[in-house]
Amino acid sequence: MSTRRIFLRDSALAMIGTGAAPLWLERALYAAEAPAPRKKILIAIFQRGAADGLNIVVPHGEPAYYGLRPTIAIPRPRATDDKQADAAIDLDGFFGLHPSLAPLKPLFDQRHLAVVDAVGSPDATRSHFDAQDYMESGTPGVKATTDGWMNRALPAKEGNVSPLRALSLGSVLPRSLRGPQPAIALQSVGDFQIRNAQAAKSFEQLYLEAPDATLRATGRETFEAIAMLQAVQKQPYRPAGGAEYPRGRFGDSLRQIAQLVKAEVGLEMAFADIGGWDHHVNELGQRASEGQLANLLREYGQALSAFWQDLGDRMGEVVLVTMSEFGRTAHENGNRGTDHGHANCMFVMGGPVKGGRVYGRWPGLEREQLYERRDLALTSDFRDVLGELVAHHLGSSGIAGVFPGYTPKFLGLAGG
Amino acid sequence: MRKSTIVALVLAMVVGVLPPLSARSRKKGEETSSGAFQKPLPKDQRVEQALNRLTFGARPGDEERVKSIGLNKWIDLELHPNRIRENPVLTAKLKELDSLFMSSREMVQNYPAPQMVRQMVNGGLPYPSDPDRRMMIQKLVARFERRQQKGQNGESDPELARLLTADQMRQLRAGTPEQRLAAFEAIPIDQRDEVLAELPPGVLQGLFVVAPPELRRKFELAAGPQQVVARDLGEGKLLRAIYSNRQLEEVLVDFWFNHFNVFLDKGADRYLVTAYERDVIRPRVLGKFRDLLEATAKSPAMLFYLDNWQSVGSPARAAARRGLNENYGRELLELHSLGVDGGYTQKDVTEVARCFTGWTIRQPQLGGEFFFNERTHDKGEKTVLGVRIPAGGGIEDGEKVLDIVSRRPATAHFVSNKLAQRFVADDPPPALVERMAQTFLKTGGDLRAVMKTMLDSKEFWSVGAFRSKFKSPLEMVASSVRTLSGDVEFAFALNNQVTQLGEPLYRKLEPTGYSNSSAEWMNSASLLARMNFALNLANNRVPGVKVAAAEAASQGEASMGISLGSPEFQKH
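Residue numbers (our numbering), protein chains in the order written: chain A, 1 to 416; chain B, 417 to 988.
All clues given are correct.
With a cut-off of at most 30 Å between alpha-carbon atoms, the simulated DSS-like pairs for lysine-lysine come out as follows: (1) B:K834 <-> B:K489; (2) B:K987 <-> A:K157; (3) B:K763 <-> A:K409; (4) B:K924 <-> A:K157; (5) B:K714 <-> B:K868; (6) B:K714 <-> B:K704; (7) B:K704 <-> B:K763; (8) B:K868 <-> B:K987; (9) B:K962 <-> A:K201; (10) B:K987 <-> A:K201; (11) A:K39 <-> A:K409; (12) A:K40 <-> A:K105; (13) B:K483 <-> B:K987; (14) A:K157 <-> A:K201; (15) B:K795 <-> B:K763.
No wet-lab data here; the hints were simulated from the structure.
Using the sequences and the accompanying hints, generate a full structural model.
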């Protein structure tokens, strides 16, 4: 804490020297002086391409699973032997995690990770495009919704709001965050700047004096965000708790979100995505721990686990939730892959989560139990999960505005 | 110094200098009260207003040109674009983007997606007739198969190692643009195609920003044939915005494409959007609304985008296991014609969808065309907005729906309001919208007449309208190049800039299109991108674009970049 104060004070002095002390600094100094109750933070992860939930959260207690997937099922958990590394990691005697998700097992055991199974969008579409759109808009079946569920879930605020309260990592603001509340897309924390310092000063002056109120306000937000992100970067970021983020875009995204959470820049909502889940061909390698799905899950699991380690007790106010547009066919196809399906799984992790459990009613995988005789059926709506986080974690009373037309049916997975 | 002192100091400065954030308002109510639309613009600002709104920004000399023609005559010309001779510079530049002139089917063949390439290998599809292209695709297939055999691991490529030395590879990967091109040109001519087929897409992308035009197409093809189509579209749009002599037509094509938005990256639409804009939208932007509506309704691009091609009427439903799809029916009413408050019900949506069953596409994945499938059409009786459509109808059921909605006052009003929002002000004066809607109804939806009513109005030429709108990203980028008389050799990087500013062209996912309320464009990420773009352009750091060097030097790089990135330049 003391390091942070000194760092903030030095930044403040430097800014006063140049005659540009932004509001956030004043807020941050107050925060350092007398910590206000910290803001709740919600982080959403989108697995684009339709992840194969049945091979991620493996229903190893369901015999039909092995019948439907003769060459690409994940083997039943084993106590101890040389094949353990290729078998599911048991969670509750019925479900198990894919072996590449071993780093998530400790989170589950410590009840910081909850799994929801047979969950997804009630809309029947099997188009990536439509299904992602519906999930991100939060309005399955309604195409004309213009904003995203996360933007609607941001509490409306007057006056001083951080320009970094809602952000995504990536070049384009995702559908989930689009809407009337300001939200920004960062290529990376280091990228949000004007490279010519002289020009930056001239611009700042021009925008602070702009006759147009919108330009003046947007200009101010922009230069505040630039200053904040510059200050955040003054010290090289070192993840705490021995956390090691995997190489690649997704690990980078989570590392930067962790950095911003810890820098107390006023973050309330963050979004990141990870693509490459559309495994129609050769989903698995020769063994369950090899091949496309295994590699991607390794990156995914390591990144989530690193984030959890890195944040440490800061996970107390953070909830991270993962989703994918739909699941994949219950049976494997002719190319050792799977095609577009229906229900899927979601992960919910964080301090306020009642973890260590698999939520959702299991619908079974016998032929007549399948959706349209081919896919895992849906027993929970993705809005049951997101809605509960909005209502109970963020404490929003406006759930009807966030998910219009949806009747709340929560699973009880997040603390009130 | 004590912390509390610092806080006090900071606070004092902040309060002294800055207005409270809550002063922010999305609507500019205080600046443009209804009175400002009654207040005529001084004569000397009328030409500026015309150039601001009816073009993608004034070039040096445009004001004088309009004055010498006469403002009214100039507007009349812009309303009759075929009387304007097109800029030969533009024609020459567009010629290089050959996919813009192909049918959807030709595009599929010449710039195939990976699954099409596979079909070519299996003999299910013919290879392109152009020998260069055929060879490149065969080479890509060979590479693909080699990679498949040895698994996903493409880290070290023995083929590349055979063709290039480590040093050459380094130059191609990480050299300056000039080094990269020199390294490529040092490769013996008879080996170049081999090398191209082997280079990873990332390296190729680095090359095509520096390559001369005749090589660029080759590089693009090797990097991924399918992406050429999207690139041509985006580059074509920028070139037209910057160079076309028919500026109002370009603005209107942008407006109407956006009104009838389709999304380029949805499956088959990758090959359908080019023809959609060229053959459906462009020829009709100053024609009858009813014609435009029908052309979009029958376009493969729209049928695919809003799923109508899969919509099947009840008798055929059981067999096809699919059934009625309401997407198009809903958006037709809500977004294309009546508007969300246009007085229709869910029942109307379903009835409209029933009328359009059987409106489908022949072989959509192969660039197929519209056809009416009698067998999947619901022949039952329908009632749409209170009008009975008798049982036993065919394709005319859908056509009747188009008749009904295009005659409705709600449609006249919705379309007029949207046009006024684009051309006059974010919150257009209702009286103007009403007069435009009257013209719409009187003329049977003649869009040129509606435009004329707007352009003859006192509101268009008012203080309230003048410079009241923010430029969209496309307007910002195009007007920057125009005002500097930039020379665009290729618009690939400019197109990326428009994306950075927040308007990926042809890639608005939602059927709503982009908002016509210009305040939507202003946010931190976009503003930052605008400022950086301005500096880069003025300093000739946007690949493919050269701005007048003499002018840049005389004014100093920073000052020119700063005026393009200034609050002033974001409005028009």
